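S.K.: Here's the letter readout for the chains.
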Amino acid sequence: MIDIRDLDVRFAANHVLRGVSFRVAPGETFGLVGESGSGKSTVLRAVAGLVTEWTGRIAVDGKPLGGKRDRAFYRLVQMVFQDPYGSLHPRQTVDRILSEPLAVHGFTDADARIPRALEEVALPRAARFRYPHQLSGGQRQRVAIARALIADPRVLLLDEPTSALDVSVQAEVLNLLADLRAARGLTCILVSHNLAVVAHLCGRLAVMQGGRIVEELDEASLRAGRAAHPHTRDLIRLSRDLEEA
Amino acid sequence: MSTALLAGEPLVAVRNLHVDFSSATGVTQAVRGVSFAIGREKLGIVGESGSGKSVTGRALMGLLPGSARVRADVLRFGTTDILHASEREMRGLRGGRIGLILQDPKYSLNPVVTAGAQIAEALRAHSRLGRREARDAAMALLESVQIRDPRRVHDAYPHELSGGMGQRVMIAMMLAPNPELLIADEPTSALDASVQAEILRLIEELVDSRGMALMLISHDLPLVSRFCDRVAVMYAGQVMEELPAADLHRATHAYTRGLLECLPSLSEKRERLATLRRDPAWLAPRS
Ligand SMILES: Nc1ncnc2c1ncn2[C@@H]1O[C@H](COP(=O)(O)OP(=O)(O)O)[C@@H](O)[C@H]1O
Ligand SMILES: Nc1ncnc2c1ncn2[C@@H]1O[C@H](COP(=O)(O)OP(=O)(O)O)[C@@H](O)[C@H]1O
Ligand SMILES: [Mg+2]
Ligand SMILES: [Mg+2]
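From first to last, the protein sequence lines stand for chains A and B. Numbered by the numbering used here, the letters in the first sequence go through residues 1 to 245 in order. Numbered by the numbering used here, the letters in the second sequence go through residues 246 to 532 in order.
Next comes chain A alone, as it looks inside the complex:
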């Protein structure tokens, strides 16, 4: 479903991605982990068309992409960011936030879709006419997920979707993502610095360092600590150290 080959990105003198390659099969959730600054978000942003200066190959659903993305692309691919507060317009009600993608993609059944979308992410009906600041952090992230899903995309790019949330709310959002993925057969890329979160949702993952993928492994190897690269082993050790405390 997603095929990335030799992806290279430079911001002026800063060589941020150096030949990143991986593939994600339809219905699969692929994880990207690594320390901050390693380039995880840049990978997602290049796929989403938010970074336009890149070289290499990005193909989604068999179609190679250029620098610009058209409307059809955003019907297919949507993105959810870490900070639900920053990514929702503060002066728009939830209703307005959810109506926009529907209007863009020519849906005419907003009145049926919006209540359904709210129900799907377990938000109360009353949330429809509230503003982002009148919602809790977890509710805001649900709105961001509802917005991403309302026009029925097939690919979801998730950038640290639970890092700003309390663990109690994180559990609800992770369960929600698992349910939605199963119900809709979504293909996802999940960026997170939390290995336990990645192991929970992803069947396979890649470890990034300094703009490169240093290792790709599956969930079972990750859980068992069967990692070849020292950086991966460091990350696993840190994560276990905390779990065993």
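It is worth saying that the hints were derived from the structure and are not from the lab. All values reported here derive from a predicted model rather than from experimental measurement. Treat the hints with caution; some may be incorrect.
In silico lysine to any residue, SDA-like type, Cα no more than 20 Å apart, as pairs [what the hints assert, rightly or not]:
1) B/K514 x A/R240
2) B/K514 x A/L176
3) B/K514 x A/E244
4) A/K63 x A/T52
5) B/K351 x B/E366
6) B/K514 x A/R237
7) A/K68 x A/D8
8) A/K63 x A/S36
9) A/K63 x A/Y74
10) B/K514 x A/E28
11) A/K63 x A/L76
12) A/K68 x A/E28
13) A/K68 x A/P26
14) B/K514 x A/T52
15) B/K514 x A/R204
16) B/K514 x A/D241
17) B/K351 x A/S36
18) B/K514 x A/A220
19) B/K514 x A/R226
20) B/K514 x A/D218
21) B/K514 x A/A178
22) B/K351 x A/D83
23) B/K351 x B/R333
24) B/K514 x A/L242
25) B/K514 x A/D179
26) B/K514 x A/A224
27) A/K63 x A/G49
28) B/K514 x A/L217
29) A/K63 x A/P26
30) B/K514 x A/G203
31) A/K68 x A/S36
32) A/K63 x A/F22
33) B/K351 x B/R455
34) B/K351 x B/V452
Here are the in silico distance ranges between beta carbons for each label pair [stated by the list, open to error]:
35) A/R96 x B/V272: 44 to 52 Å
36) B/D453 x A/E100: 50 to 58 Å
37) B/R336 x A/Q92: 43 to 51 Å
38) A/E244 x B/G311: 42 to 50 Å
Glycine residues also receive a C-beta, built at the ideal position from the N, C-alpha and C atoms.
Following the hints, put chain B with the ligands in place on chain A, whose structure we already have.
M.R.: Relative to the frame of chain A, chain B with the ligands by itself:
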């Protein structure tokens, strides 16, 4: 005024602390009857966001805004009664005997002053050092927070430092007056896992080697229990339970258990994560 602390008395004593915020829309009871003591040890304060952790720490430093109403049977640091201390006494505590480390060094460091100059300034505010001596002492502090090239960092402006480096500078600055208590409020929440562990290990080492007390505030239960001696778990302005960090997995309160159980695990696969069921009984006043 300042009599010596009796032997066996803890450095910090808080009994039945209440903090209310009044606004046009009503009163928020941010802290409702919190009690704890800190000796030469590491106390963790954990709980979800909004549970009153930061307000508790700020009450101890006398750093709450005018809209806050603070009451307590006891609110004491050393021999200072914080509720009745003069502003001058409080200034002596803040940035003197108590150091505060916040989540984002960007907000705590002055953006137009180099790291070294800020540390030197903190040093000179508390001891009569000449410029030259202050510079040397600042360099020594940068080394003590394990900065490999202290010279470069000394002359760098805050925006030129990475998150982890900025946090080290912040810690160096807080160490300048040789505080007895360090309050670290989500000191690593903006950092990624590997840097987080480095910074906490550094704090742990400094606290142990200098015989300081630590109050580590965080929403991250496993992290806090890893680095503290005791943990107080807060919910809706109250301490639900306090226990030795090593006994966290034996926590008895349903709230603490709930927080632990909803964590995804790396070592074992969980099909579905448990979610927290909030029992209204947790809100009832406990004392
Ligand atoms: N728009 C941009 N302009 C310049 N540099 C950027 C930009 N976005 C990211 N970078 C740099 O690219 C590198 C990788 O960033 P990022 O992909 O956000 O890493 P991660 O998500 O793994 O933390 C960092 O050094 C960052 O400073
Ligand atoms: N300056 C303030 N004015 C009004 N309410 C406040 C203020 N500071 C904190 N609160 C409220 O007090 C409660 C506890 O906040 P806080 O101690 O910051 O929580 P946390 O446990 O996340 O650190 C929250 O409901 C918060 O909204
Ligand atoms: Mg990122
Ligand atoms: Mg706080």
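S.K.: Are the hints correct? Go through all of them and say.
M.R.: Results of checking the hints against the structure:
For a cut-off of 20 Å, the pair hint linking B/K514 to A/R240 stands: about 14 Å separates their Cα positions. Proposed proximity of B/K514 and A/L176 is supported: the alpha carbons are some 17 Å apart, at most 20 Å. Restraint check: the Cα-Cα separation between B/K514 and A/E244 comes to about 15 Å, which is no more than 20 Å; the hinted pair holds. As the CA atoms of A/K63 and A/T52 are separated by approximately 17 Å, the hinted pair is consistent with the 20 Å bound.
Straight-line distance between C-alpha atoms of B/K351 and B/E366 comes to about 18 Å, which keeps the hinted pair within the 20 Å bound. For the proposed pair B/K514 and A/R237, the alpha carbon gap of about 17 Å is at most 20 Å, so the pair holds. A C-alpha spacing of about 16 Å is found between A/K68 and A/D8, which places the hinted pair at or below 20 Å, so the restraint holds. Of the supplied pair hints, the one linking A/K63 and A/S36 is violated, its CA atoms being roughly 30 Å apart against a limit of 20 Å.
The suggested pairing of A/K63 with A/Y74 holds, with an alpha-carbon distance near 14 Å, which does not exceed 20 Å. Between B/K514 and A/E28, the direct Cα distance comes to roughly 17 Å. Compliance with the 20 Å bound is thereby established for this hinted pair. In summary, the hint linking A/K63 to A/L76 is supported, as the alpha carbons are separated by about 11 Å, within the 20 Å threshold. This hinted pair does not check out: A/K68 and A/E28 have alpha carbons roughly 25 Å apart, beyond 20 Å.
Pair hint A/K68 plus A/P26 does not hold up; C-alpha atoms about 23 Å apart against a cutoff of 20 Å. As the CA atoms of B/K514 and A/T52 are separated by approximately 38 Å, the hinted pair breaks the 20 Å bound. A threshold of 20 Å between alpha carbons decides the hint, and for B/K514 with A/R204 the separation of about 14 Å falls inside it, so the pair holds. The straight-line distance between the Cα atoms of B/K514 and A/D241 is roughly 17 Å, inside the 20 Å bound, and the hint therefore holds.
Of the supplied pair hints, the one linking B/K351 and A/S36 holds, its CA atoms being roughly 17 Å apart against a limit of 20 Å. As the CA atoms of B/K514 and A/A220 are separated by approximately 9 Å, the hinted pair is consistent with the 20 Å bound. For the hint pairing B/K514 with A/R226, the CA-to-CA distance comes to about 16 Å; that is within 20 Å, so the pair holds. Pair hint B/K514 plus A/D218 holds up; C-alpha atoms about 13 Å apart against a cutoff of 20 Å.
This hinted pair checks out: B/K514 and A/A178 have alpha carbons roughly 14 Å apart, not beyond 20 Å. Taking the CA atoms of B/K351 and A/D83, the gap is about 18 Å. The hint holds against a cut of 20 Å. Note on B/K351 and B/R333: the hinted pairing is violated, with a Cα-Cα distance of about 27 Å set against a maximum of 20 Å. With a C-alpha separation of about 17 Å, the suggested pair B/K514 and A/L242 falls inside the 20 Å cut-off, and the hint holds.
For the hint pairing B/K514 with A/D179, the CA-to-CA distance comes to about 17 Å; that is within 20 Å, so the pair holds. Taking the CA atoms of B/K514 and A/A224, the gap is about 11 Å. The hint holds against a cut of 20 Å. For the given pair, A/K63 sits about 14 Å from A/G49 by alpha-carbon distance, which is consistent with the 20 Å threshold. Between the alpha carbons of B/K514 and A/L217 the distance comes to roughly 16 Å, so the proposed pair stays at or under 20 Å and holds.
Taking the CA atoms of A/K63 and A/P26, the gap is about 14 Å. The hint holds against a cut of 20 Å. This hinted pair checks out: B/K514 and A/G203 have alpha carbons roughly 12 Å apart, not beyond 20 Å. Restraint check for A/K68 and A/S36: the C-alpha separation of about 27 Å exceeds 20 Å, so the hint is violated. At most 20 Å may separate the alpha-carbon atoms for a hinted pair to count; A/K63 and A/F22 meet this at roughly 16 Å.
Taking the CA atoms of B/K351 and B/R455, the gap is about 26 Å. The hint is violated against a cut of 20 Å. For the hint linking B/K351 to B/V452, the alpha-carbon distance of about 23 Å lies beyond 20 Å, and the restraint is violated. At roughly 33 Å, the beta-carbon separation of A/R96 and B/V272 lies outside the given 44 to 52 Å, and the hint is violated. Hint check: B/D453 to A/E100, Cβ distance near 54 Å, so the stated range 50 to 58 Å holds.
For the hinted restraint 43 to 51 Å between B/R336 and A/Q92, the CB-CB distance of approximately 45 Å keeps it satisfied. In this structure the hint that A/E244 and B/G311 lie 42 to 50 Å apart at CB holds, the actual value being about 45 Å.
The structure does not agree with the numbered hints 8, 12, 13, 14, 23, 31, 33, 34 and 35 stated previously, though it agrees with the rest.
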